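Novice: Take the sequences, apply the hints, and build the full model.
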Amino acid sequence: MTGISVALDQVAFRYEDMEMLFDIRFEAGGLYAVMGPSGAGKTTLLNLVAGFETPRSGRILFDGRDMTRTGPDRRPVSMIFQENNLFTHLTVRTNIALGLRPDGRTGPEDDARIREALERTGLAGLEDRLPGELSGGQRQRVALARALLRDRPVMLLDEPFAALGPALRRDMLEFVAEIHRERGFTIVMVTHLPDDALAIAERVAFLDEGRILACAPPAEMSDLASKLPQLGRYLGTYPETPKRPE
Amino acid sequence: MNGPAGNAATLAAAGALATMLALVAVPLAGLLLAAPPGGTAADILHDPYVRHVAGFTVWQAFLSTLLSALFAIPVARALARRGAFPGRTALVRLLSLPLALPQLVAVLGILSVWGGNGWLARAAMALGGRGGPDIYGLTGILVAHVFFNMPLMVRLISAALERVPGEYWRLAAQLGMPSRTIWRLVEWPAIRAVLPGAAALVFMLCATSYTVVLVLGGGPGASTLEVAIYEALRFEFDPPRAVALAMLQLAITGTVYLVLRRLAAPMEGGFIPQTPFPRMDGRHIGARLHDTFWLTTAAVYTAAPLAGIVISGLSADLHRLAAEPAVRAALLTSVLLAATASLAALFMTWALLQPLRGARGGTGEGILARAGDLAASLVLIVPPVILGAGWFVILMPTGRMDWYAPPVVAIINALMSLPFTWRVLQPAFRDVQQRHGRLCAQLGIRGIARLRLVDWPLMRRPLGLAAALALALSLGDLGAIALFGSENFRTLPWLLYQRLGSYRTDDAAGLALVLLALIMVLMALAEAAGGRKGAP
Chain D
1 MTGISVALDQ
11 VAFRYEDMEM
21 LFDIRFEAGG
31 LYAVMGPSGA
41 GKTTLLNLVA
51 GFETPRSGRI
61 LFDGRDMTRT
71 GPDRRPVSMI
81 FQENNLFTHL
91 TVRTNIALGL
101 RPDGRTGPED
111 DARIREALER
121 TGLAGLEDRL
131 PGELSGGQRQ
141 RVALARALLR
151 DRPVMLLDEP
161 FAALGPALRR
171 DMLEFVAEIH
181 RERGFTIVMV
191 THLPDDALAI
201 AERVAFLDEG
211 RILACAPPAE
221 MSDLASKLPQ
231 LGRYLGTYPE
241 TPKRPE
Chain S
247 MNGPAGNAAT
257 LAAAGALATM
267 LALVAVPLAG
277 LLLAAPPGGT
287 AADILHDPYV
297 RHVAGFTVWQ
307 AFLSTLLSAL
317 FAIPVARALA
327 RRGAFPGRTA
337 LVRLLSLPLA
347 LPQLVAVLGI
357 LSVWGGNGWL
367 ARAAMALGGR
377 GGPDIYGLTG
387 ILVAHVFFNM
397 PLMVRLISAA
407 LERVPGEYWR
417 LAAQLGMPSR
427 TIWRLVEWPA
437 IRAVLPGAAA
447 LVFMLCATSY
457 TVVLVLGGGP
467 GASTLEVAIY
477 EALRFEFDPP
487 RAVALAMLQL
497 AITGTVYLVL
507 RRLAAPMEGG
517 FIPQTPFPRM
527 DGRHIGARLH
537 DTFWLTTAAV
547 YTAAPLAGIV
557 ISGLSADLHR
567 LAAEPAVRAA
577 LLTSVLLAAT
587 ASLAALFMTW
597 ALLQPLRGAR
607 GGTGEGILAR
617 AGDLAASLVL
627 IVPPVILGAG
637 WFVILMPTGR
647 MDWYAPPVVA
657 IINALMSLPF
667 TWRVLQPAFR
677 DVQQRHGRLC
687 AQLGIRGIAR
697 LRLVDWPLMR
707 RPLGLAAALA
717 LALSLGDLGA
727 IALFGSENFR
737 TLPWLLYQRL
747 GSYRTDDAAG
757 LALVLLALIM
767 VLMALAEAAG
777 GRKGAP
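The listed protein sequences correspond, in order, to chains D and S.
In terms of my numbering, the first sequence opens at residue 1 and continues consecutively.
In terms of my numbering, the second sequence opens at residue 247 and continues consecutively.
Hints listed in this document are in silico derivations from the structure and should not be mistaken for laboratory results.
These figures come from a predicted structure and were not determined experimentally.
Note that CB positions come from ideal geometry on N, CA and C, so glycine has one too.
If a hint is listed, it holds; no wrong ones were tucked in.
Chain S is faced by these chain D residues, among others (derived, beta-carbon under 8 Å): (1) 50; (2) 52; (3) 72; (4) 73; (5) 79; (6) 81; (7) 84; (8) 85; (9) 89; (10) 90; (11) 98; (12) 99; (13) 102; (14) 103; (15) 104.
Specialist: Below, the structure is given as structure tokens:
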């Protein structure tokens with residue numbers, strides 16, 4: 001299944017004392033990075049798209065269909081959280097299988113697909129382990145495997161690799177880019193590291209105090225930073241001429 | 247998240263809350279309706295006996311709190327200063343026992359040490375004295391209240407000392423502060439911060455103390471309102487007086503509760519840290535002697551009654567007791583009642599927890615999400631004896647007390663356990679929702695599948711612990727059964743109390759041991775059902 005577009009149409013949300021207003025369109029099959037200072041509303045933006053929060057007003061459209069009030073499991077979305085993506089008391093296999101059947105009761109006909117997802121994420125042989133017996137990188141791979149199996153056209157990543165070391169994080173980002181190339185999902189990835197955004201994102205959305213202030217290709221970020229004081233302040237030591245590693 | 251699941255959760259919690267409120271409101275209404283017209287109520291308040299009892303209730307609670315605090319402060323200080331000594335862990339464990347012990351069993355232990363024929367009296371006699379102290383009356387009440395509440399206060403104060411930043415101790419050592427200065431500048435300010443709250447909590451517990459006063463009070467001279475309510479209903483057949491006393495009791499507990507809220511008192515026990523403090527002070531001989539004295543005293547004071555339960559229990563004729571039909575019947579009644587009450591408490595708590603579900607992960611709002619907190623507070627203000635008195639006044643005219651007694655006792659025991667099951671289950675449940683709420687919502691795991699895959703495996707341990715607590719509370723209860731017990735309806739504590747009342751002390755000691763063993767077996771079973779392996 002290839003990606004579909006996600007549009008937030010004047011979506012208003014209030015969290016404690018902060019009024020947020022999101023108005024943005026993520027194009028079908030795009031790979032977006034979302035950046036901004038902590039508390040800017042990055043996770044809230046993803047929660048709204050995934051259906052974990054309900055807006056006060058405005059609409060959320062998937063491929064033009066209004067799903068503002070649709071439950072999280074009926075939206076075309078898989079979200080990967082920063083942590084707690086897995087049930088720690090269930091095996092890797094069951095955790096993945098839940099993406100296929102929410103009651104965890106898979107039949108022999110599902111075996112091939114589960115095995116394929118395990119192999120694709122380099123987890124073959126680990127299916128009977130508990131999450132506690134895996135490394136941080138492996139755990140997030142299990143979450144990715146489940147997302148692959150669910151095959152929902154929109155994938156949201158809420159800094160899932162923040163706790164990993166630099167080399168591992170690069171590998172995981174490269175893996176996300178591969179998934180993007182193969183499946184064509186629409187991917188929205190929250191990150192606070194400009195390098196992550198530069199590494200794979202096609203466009204970068206910048207958030208501050210509950211608003212989206214810019215959405216542009218990574219190459220244009222430094223130009224924008226000189227015009228947009230919030231972005232300049234946030235980036236601080238941002239390199240003058242960012243290079244995009246290929 | 248609204249939706250079918252959300253509505254079912256709201257319905258479950260609303261139902262449980264309504265049931266619980268009704269179970270408190272009905273007996274209260276019964277009391278109010280039975281209340282004599284205003285003039286008579288005022289007469290009763292002017293009754294010198296009632297005034298004496300009210301005064302004594304407050305006075306013994308005040309003295310108990312004062313003594314507990316005076317005992318607990320040096321013990322907590324010594325425990326904090328001595329981070330590592332052989333037996334420290336054992337002492338910490340020992341100090342956690344009195345609160346877990348049914349009051350009646352503990353009182354038997356205290357009697358075996360301090361009683362007329364207890365170890366202390368015998369030791370005094372052997373030394374040519376006139377025997378021990380007269381345990382019945384204010385002395386006994388204070389001894390028992392300090393036994394329960396000194397350890398509680400040690401825990402609360404220790405938790406406060408634990409919160410002192412490690413740098414303070416290192417700084418004090420670097421500056422070479424003498425012990426007295428450390429006390430004045432570091433320890434006392436930390437203790438003073440928790441003392442009012444801890445004292446208010448202990449005062450509340452002692453002002454509503456029932457079992458201790460019933461057994462050790464011994465007569466009108468040393469009676470509290472709760473015991474006077476029981477006597478008014480069961481011996482004097484004077485419901486109006488019971489009602490007036492209940493109103494007075496409600497006024498006192500309500501006032502203390504408001505003070506408690508004001509002081510933001512710790513409603514939970516705190517803990518004594520296992521890890522040593524970075525302490526370098528208190529090395530000189532004076533401080534060592536001081537600490538050794540207080541720690542030894544606390545250990546002996548706490549351990550002696552516990553040993554007393556076992557030793558006097560074993561010297562009773564356990565074979566004859568086990569063969570007695572009355573004992574067997576009481577044992578069966580106790581187990582059935584406790585199982586029913588515990589199950590009811592668990593179901594109610596589970597229903598009250600449901601609003602905490604949802605994708606947001608347990609950040610439920612509104613009155614329903616706090617329903618359990620409300621329940622916990624309600625039972626603190628309206629103690630079991632008041633609930634019992636209400637039901638008693640309502641049911642007495644039916645003339646079928648025998649028929650109604652078991653369910654009413656079960657209901658009161660269930661309500662009594664609710665604050666404890668809530669405090670065990672609520673944090674665990676909230677944690678599960680926060681960790682997995684969004685994931686379950688996204689994957690569409692709900693209903694039975696959610697119960698099987700998520701809630702049960704992650705909650706079975708806290709559920710086992712909550713069940714064990716509820717069982718222990720119900721099995722040890724004397725408050726409700728004292729009002730409703732009869733020849734045909736006897737629990738183990740009630741039988742024990744009757745034997746004690748007819749001076750069959752050996753039987754009582756044996757029954758106390760049986761009760762203690764039963765509680766420990768049932769608690770172990772409940773915890774085993776929860777499984778040792780659980781969430782990491």
